[in-house]
Amino acid sequence: MGTFFRKWWRLLVAASLLVAAIQVFVRPSPAIERAEPVRATGVALFRPFFLAVDSVREGVSGVWNRYIALVGVTRENERLRREVVALREQLHGTRDAILENRRLKDLLRYSETVGRRTLGARVVGHDVSPWFRAIFLGTGSEAGIEAGMSVVTPYGAVGRIHKTHPGLSEVLLVTDGRFAADVMVERSRVRAVAEGIGGNFCRLKYVSPVHDVVVGDRIVFSGFDGSMPKGVLLGTVVSVDRPKESLFQKVKVQCAVNFQDVEEAMVILSRPSIPFRAGRD
Amino acid sequence: MRHFLVLFAMSYLGASLCVWWLSGFVPWFLLPDFPFLAIVFSGLFVSGIGGFLCALPPALFREITASGPSWSMFLGSMALYFGSREIGRRFLLRNEASLLSVVVSLLAIESFSVVLLLSLAGAHPFSILWGAQEAVRIAWTSLIAVPLFLDLSMRWRRVKE
Chain A
302 MGTFFRKWWR LLVAASLLVA AIQVFVRPSP AIERAEPVRA TGVALFRPFF LAVDSVREGV
362 SGVWNRYIAL VGVTRENERL RREVVALREQ LHGTRDAILE NRRLKDLLRY SETVGRRTLG
422 ARVVGHDVSP WFRAIFLGTG SEAGIEAGMS VVTPYGAVGR IHKTHPGLSE VLLVTDGRFA
482 ADVMVERSRV RAVAEGIGGN FCRLKYVSPV HDVVVGDRIV FSGFDGSMPK GVLLGTVVSV
542 DRPKESLFQK VKVQCAVNFQ DVEEAMVILS RPSIPFRAGR D
Chain B
104 MRHFLVLFAM SYLGASLCVW WLSGFVPWFL LPDFPFLAIV FSGLFVSGIG GFLCALPPAL
164 FREITASGPS WSMFLGSMAL YFGSREIGRR FLLRNEASLL SVVVSLLAIE SFSVVLLLSL
224 AGAHPFSILW GAQEAVRIAW TSLIAVPLFL DLSMRWRRVK E
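Chains as they are written, first to last, in this note's numbering: chain A, 302 to 582; chain B, 104 to 264.
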């Protein structure tokens, strides 16, 4: 017996760790939250890179306009071109500022209509794994953000806060397979459960064949489960399939927000009415 | 110590660059999983407690940059380390084909396990398109792994000698 363990202990440890990982995946234990300081230290290590995303984004366009675009310019045209580039830069800078200003104004206007305390936050990174859909916000627990809070834009829902750290929050997108929320069809008030299916899509579960759902219908959150404010737009129905052998319709919804393009989002600073368990949506 | 620093730097910079690239520049399936490669390398080629220590930081980086349930990615990554350690001890991995097959198998097993777990939990975010993209990611990561592993292992052998 001793020889067996000596020979195979690595595989046994690997199997035990796998079982522990599955256990944590299926049923997160509150005891594991004690190890949060280690995680927070790791996040602090990565934070500069997350924050660098913003400055790099701005820097790349600046370097391109100032230097690379000028390669190959003849001497005679150098002065004129520099002037033109400088003017263009100013114009681009102004345009960018105007666009940012417009987006922020939209956020502000929307926050007034939500009627709850809200907080604007900048998107600083995306989840790197192929299995999960999440984004990172550059504002964290120090601003009062907690797990379970809703994240929205004026165009629609983004997701729900999954984990928070000082200076960084992780948002589970509505397209993640673990996201589910009570929604309804805006036109016919038919209720369903929306679930993420990856890409930029969600599907509606438990829609009876007798219910009135057609392509083009807008889907909004019902607010009944407390996970999202009532009336926030999820997206538009892009396909409805009524298989004869199935009890329910297959409804696919394209999300209103393109998550790759989101630069700023708004966190609704009110706790969900139904308690949220971190790690389990 | 040298092993530790090189693998730490590789996984840290790799994970950071992936996060940066993913922010709208490169699709996710074209990004190699550098922390994964660092863990597998330390399992296959770095013996003793040093290998275990080398695998710890990349496992933590994976935990932080993937939005799975708390600590599931860390524990899964350490299981990956012990699995690859066992492979490293039992097989002589000196040629490209054997290295490629080991990395492809480990990536495929890990991906399949997560998909299975998510599916059993009731989530179905995976499509045929996703499968094709994941196959590209696995192939791409494995192709990067072979020259990287061979180069690093040869360098260290030379240093030892």
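Treat each hint with caution, since some may be false.
Pulled a few chain A residues facing chain B out of the computed Cβ check, cut under 10 Å [as the list claims (entries may be wrong)]:
no., residue
1, G303
2, P349
3, V429
4, V516
5, G517
To give a feel for the contact side, a few chain B residues facing chain A, derived at Cβ under 7 Å [to be verified]:
no., residue
6, W131
7, S170
8, G179
I should point out that these hints are in silico values taken from the structure, not numbers from a laboratory. All residues carry an ideal CB built from backbone N, CA and C; glycine is no exception.
Taking the hints in turn, this is what the structure says about them:
1. G303: Result: violated, 18 Å to nearest chain B Cβ.
2. P349: This hint holds: P349/A lies near chain B, its Cβ roughly 9 Å from the closest one there, short of 10 Å.
3. V429: holds, 5 Å
4. V516: violated, 19 Å
5. G517: violated, 23 Å
6. W131: Constraint on W131/B satisfied, holds at 6 Å.
7. S170: holds, 4 Å
8. G179: G179/B check passes; min Cβ-Cβ to chain A is 4 Å, inside 7 Å.
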